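Numbering-wise, this note's numbering comes out as the position in the sequence shown, counting from 1, plus 14.
Fair warning: there could be bad hints in the mix.
[Claimed, not checked] Below, a list of computed lysine-lysine pairs in the PhoX-like style, where the Cα atoms sit at most 25 Å apart:
id : residue 1 : residue 2
1  : LYS393    : LYS418
2  : LYS299    : LYS138
3  : LYS464    : LYS393
4  : LYS437    : LYS137
5  : LYS299    : LYS137
6  : LYS393    : LYS137
7  : LYS437    : LYS96
8  : LYS393    : LYS61
9  : LYS96     : LYS418
[Unchecked claim] Now the in silico label distances, taken between C-beta atoms and shown as ranges:
id : residue 1 : residue 2 : range
10 : LEU297    : ILE264    : 27 to 37 Å
11 : LYS299    : ALA608    : 46 to 56 Å
12 : PRO440    : LEU346    : 35 to 45 Å
13 : PHE417    : TRP64     : 42 to 52 Å
14 : GLY306    : SER627    : 27 to 37 Å
None of these hints come from the bench; they were simulated from the model.
In this text, all values refer to a predicted model and were calculated from it rather than measured experimentally.
Don't be surprised by glycine CBs; every beta carbon is placed ideally from N, CA and C.
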Amino acid sequence: MELGQETTRETVPRANKGELSPTPGDCGGHRGRRSWVQWLIPVGFRKEAWELCVLAGPLFLVQVLLFLIHVVSTVFCGHLGKVELAAVTLAVAFINVCGISVGFGLSSACDTLLSQTYGSSNKKMVGVVLQRGILILLLCCFPCWALFINTESILLLLRQDPQSHWVLTGNACLMFFQAVFLYGLLTRYLQNQAGTKGMSRGSLGQSTLPSTVHGDHSEPRVWDRTWEEGRCGVFSGIFGNVINGLGNYIFLYILDWGLEGSAFANTISQFAQVICLFLYIVLRKLYLETWGGWNSDSLQEWGPFFSLAVPSMLMMCIEWWAYEIGSFLIGLLSVVDLSAQSIIYEVSTLMYMLPMGLSLAACVRVGMALGAGDPEQAKKSSSTALHCTGLLFLVMGSLLTAFKDSLAYIFTDDEEVSALVGKVMPIYIVFNLFESLCCICGGVLRGIGKQAFGAIVNAVGYYVIGLPLGIVLIFVVRIRVVGLWVGMLICAILATVTFTVYISRVDWERASTEAQQRAGLEPHSVENEPPRLGPEKAVLSSVETGSIPGIILTTYSISGSRADLLGAQEAASALSKKPGALSVKQLLVRRLLAMVLAFSLLMVGVVARFLLSAH
């Protein structure tokens with residue numbers, strides 16, 4: 015032990031020095047005086063920004079490819095005529111409000127749970143969380159189906175144009191929700207694996223020697239390791255888009271099925287995506303580290319899951335529904351206004367994918383850092399993501415400004431619609447900056463597990479300020495579609511200020527403790543730690559951390575530290591049964607009641623369909 019103790023004492027200072035010493039590009043090279051740029055840019059910005067962008071790249075592509083399925087369908091249907099473009103706009107809006115937004119919102123609970131669990135040593139719990147999400151989201155399909163089989167009646171109640179044949183679209187898309195929900199869960203499962211691979215050594219408080227010191231040149235680059243998991247979603251997205259494009263062409267222009275044919279093509283492509291992604295995961299064996307087989311633990315802790323899922327759903331849906339409600343309001347004006355709103359909405363959604371990718375990356379890194387007991391890394395990731403948003407807006411704003419007068423012609427040949435789109439675009443360009451900041455803040459809040467605060471801010475911002483102001487500007491001031499986006503701009507500015515102030519005052523230590531508890535681990539403390547062998551401040555291990563033959567590096571853990579590299583206590587606590595676990599009888603009763611409730615909601619929808627059809 016004497017030799018090992020000396021090795022540890024010599025190794026630790028070098029590792030810490032290598033990790034903490036600033037590099038020239040990290041704005042920390044000059045001590046004693048700092049320029050205004052160095053005060054604005056945090057230490058370690060370049061490295062953290064690179065790792066965020068590497069992780070965000072595949073996530074951005076996945077989001078874009080998922081969104082392109084709806085864009086391609088809109089483009090195909092839009093070239094059939096004004097009425098068809100307006101019809102598909104209402105169809106997509108109704109599908110988003112009554113189904114996709116709910117599923118994506120509920121699955122956002124996994125953004126918190128998967129990232130924080132992955133950051134801990136309790137990796138098998140990741141598979142349990144995934145199973146729990148699958149079961150819950152499949153049950154949520156039943157109430158969504160109840161709404162969809164009553165599509166025609168609901169739209170007539172909202173006084174929408176009967177010329178829009180999207181009742182056929184709604185019925186054709188009735189069965190694709192489970193594919194969309196499963197695809198969302200699988201992509202979240204993979205993005206956290208990519209986040210683990212993308213995190214460099216030492217980024218989560220692990221004081222190991224850098225690879226350049228111990229001579230490990232065989233390790234793949236960060237990009238290669240992240241892309242291994244990220245390309246799964248990219249390949250499946252490309253496959254789904256190819257199927258959707260071919261299906262739209264065949265069903266619309268060869269078989270002449272109209273909007274119903276486009277809906278069938280969309281449904282087929284959604285199932286193709288999830289099947290392709292599932293096969294890739296299985297064939298590449300990307301599940302081995304986290305999947306321990308189906309486990310009855312997936313039936314436990316539905317309450318804590320819903321405590322995150324419902325605020326996550328509200329946080330996302332409140333914002334999503336606000337834009338869809340805006341589309342419905344514009345639909346009360348004219349076909350020209352609705353067509354212009356459709357184009358602006360599609361462009362805004364596409365632009366939203368860029369900050370969304372960065373938001374997901376920030377959520378993953380913040381959650382993993384908190385789960386690993388490294389609040390400083392979590393704080394650094396959140397601040398770096400917000401700084402990167404400004405650079406991102408420069409790119410997006412420049413593109414939108416350059417093409418603001420020609421974007422509409424991608425979707426339609428109508429001059430009146432194109433002119434109206436060009437009139438709204440300057441307002442949207444400013445709105446895009448604050449929307450991007452809100453998106454990044456939302457990712458940080460999900461990584462922390464504070465979705466409830468985000469839901470409250472969005473509810474007040476959109477439904478107390480944004481939409482009421484937009485309605486006044488649309489129908490009273492009579493500036494029509496321009497008024498809607500002015501109201502949304504005011505809402506985005508207020509939400510950005512609120513989120514930024516809240517994140518700057520987060521107690522990161524407490525957030526890390528809560529994250530470890532969600533991951534099934536007990537946070538360390540000096541009082542409850544078991545007796546340790548060896549010196550008081552360092553515990554030695556024979557774990558091999560280097561890759562040079564014949565050289566064994568020792569890892570260590572500081573007494574009272576949260577990030578114990580040995581992981582012994584985490585493993586022990588992970589295996590212990592939680593005190594609040596339900597018995598077998600309780601599980602059967604409660605889960606059967608959940609199934610009965612979900613099926614009953616579907617039956618209510620079926621009965622309503624027959625009663626309304628009779629009239």
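Against the structure, the hints:
At roughly 37 Å between alpha-carbon atoms, LYS393 and LYS418 are farther apart than 25 Å, so this suggested pair is violated. Between LYS299 and LYS138 the alpha-carbon distance is near 15 Å, which keeps this suggested pair within the 25 Å criterion. Proximity of LYS464 to LYS393 is assessed by CA-CA distance (about 15 Å); at most 25 Å being required, the pair is judged to hold. Note on LYS437 and LYS137: the hinted pairing is violated, with a Cα-Cα distance of about 52 Å set against a maximum of 25 Å.
The hinted pair formed by LYS299 and LYS137 meets the criterion: a straight-line CA distance of about 15 Å does not exceed 25 Å. A hinted pair counts as satisfied when its Cα atoms are at most 25 Å apart, and LYS393 with LYS137 qualifies at roughly 23 Å. Annotation: proposed proximity of LYS437 to LYS96 holds, straight-line Cα distance about 19 Å (limit 25 Å). About 14 Å separates the Cα atoms of LYS393 and LYS61, which keeps this hinted pair within 25 Å; it holds.
For a cut-off of 25 Å, the pair hint linking LYS96 to LYS418 stands: about 21 Å separates their Cα positions. Checked against the hint of 27 to 37 Å, the pair LEU297 and ILE264 passes, with Cβ atoms roughly 29 Å apart. Range check, LYS299 to ALA608: Cβ separation about 33 Å, and the 46 to 56 Å hint is violated. About 25 Å separates the C-beta atoms of PRO440 and LEU346, a value inconsistent with the hinted range of 35 to 45 Å.
Take PHE417 and TRP64: their Cβ atoms lie about 29 Å apart, and the range 42 to 52 Å is violated. The given range of 27 to 37 Å is broken by GLY306 and SER627, whose C-beta atoms sit roughly 48 Å from each other.
Against the hints set out earlier in the document, violations occur for numbers 1, 4, 11, 12, 13, 14.
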